[in-house]
Every structure is written in C-alpha cells, then in structure tokens.
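Make a model of the complete structure from these sequences and hints.
In numbering that gives the first Met the number 0, the protein residues as written are 0 to 167.
The reader is advised that the hints may include incorrect statements.
What the hints assert, rightly or not - Straight-line Cα separation of at most 27 Å, BS3-like style, residue types lysine-lysine; simulated pairs:
| id | residue 1 | residue 2 |
| --- | --- | --- |
| 1 | 55 | 19 |
| 2 | 110 | 66 |
| 3 | 8 | 55 |
| 4 | 66 | 8 |
| 5 | 66 | 19 |
| 6 | 55 | 66 |
| 7 | 19 | 8 |
FYI, nobody ran anything at the bench for these hints, they're computed from the structure.
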Amino acid sequence: MGGDIVAAKNAFQEAYELSKATPSVSVVANAPLPLIALAYLADYECLEGNLRNAAKMYEQAIGLAEKWGGQSSLALCFVQQGRASLLYEWNDLDGAVSALQECFRIGELWKSPRLLVRAYGLSALVMQARGQVEEANALIHRAEQAGRDPYSSPYDLGMLGLYQITLW
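See the structure below:
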C-alpha cells in the first residue's frame, strides 16, 4: 500500500467483511482469509495504541481459527504473537507463555524462521521478566539459531537484534 497505513487498514477491513459474508471461506496458506485480515487489523489497532480493541480482535481471530480449521495456519501464529506481546505488555506473563507455546507449535510445523525468531525472542523477554535469566539467554540463543536459517530475512535479523538489545 506504499506506506499508507490508513488505506491498508481499510483494505484489510473490507477483505474481512467480504470474506466473512461469503458462505464458503477462502483459504490462503492454510489460513482462512478472514483470519488473515483480522490478524492484520489487530496489528494496526496495536500500532494506533488501541490495545483493548486489538486484544478483542486477537480473541476473535482465535475463534475463527477454531471455527474454520485454521489451527495450524501461519496467520494464527501471527495472532498468537500479537496476543503474547499484549499480554507481556500487561504483565500477564503466564498468558504470554501460553500464547507463545502455540507460536512454537505452528512455527515448528511450518519450519518458519520468521515465526520462530519472534517467538523465541519474545519468550526470552517473558523469561527475563519472570527473573529466569538463564532461560532467557537459552531462548535468545535459540532465536539466533533460527535466524541463521537461509530463509531468514533482514526483518527477522532486525527483530533478533531488537530482542537482544532489550534483554541487555
């Protein structure tokens, strides 16, 4: 969308409404289209600081995944990562760990460095917040290993650096 966040948000909202109204759900990469759109909409809510709205959307997306068979989709992993970030921010560390466990399950299934780097990095922050420094260091090491995958992107490596700096 050329950096136009408002236009992108509107496009995802329209996609969500259209796909929700369709009796047969379209699927992309094992993810129902409404789930993908809702995952991005929740992320936009976070960017705008509407964290309660984002949390509701993440919960709604989890319900859609259960309803339409997207329990192993990449989009559900993004939803769980967003949800885990919010829960971490709200100091619900147990909730964040639970959401991240779903990320690990899906990330391992898809062998996705992007999913795993973020899940391990965020898990390291959660462990550090719990005072479990050794576990946090082990998780950031696992994030580094996932980041060495030949399919890692500069974005993945940037996220890894961000998690490392935050831990320090």
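Hints versus structure:
This hinted pair checks out: residue 55 and residue 19 have alpha carbons roughly 17 Å apart, not beyond 27 Å. In summary, the hint linking residue 110 to residue 66 is supported, as the alpha carbons are separated by about 24 Å, within the 27 Å threshold. A threshold of 27 Å between alpha carbons decides the hint, and for residue 8 with residue 55 the separation of about 17 Å falls inside it, so the pair holds. Taken as a hint, the residue 66 and residue 8 pair is honoured in the structure, with Cα atoms around 24 Å apart against an allowance of 27 Å.
With a C-alpha separation of about 12 Å, the suggested pair residue 66 and residue 19 falls inside the 27 Å cut-off, and the hint holds. Proposed proximity of residue 55 and residue 66 is supported: the alpha carbons are some 16 Å apart, at most 27 Å. With a C-alpha separation of about 16 Å, the suggested pair residue 19 and residue 8 falls inside the 27 Å cut-off, and the hint holds.
Of the numbered hints stated above, none is contradicted by the structure.
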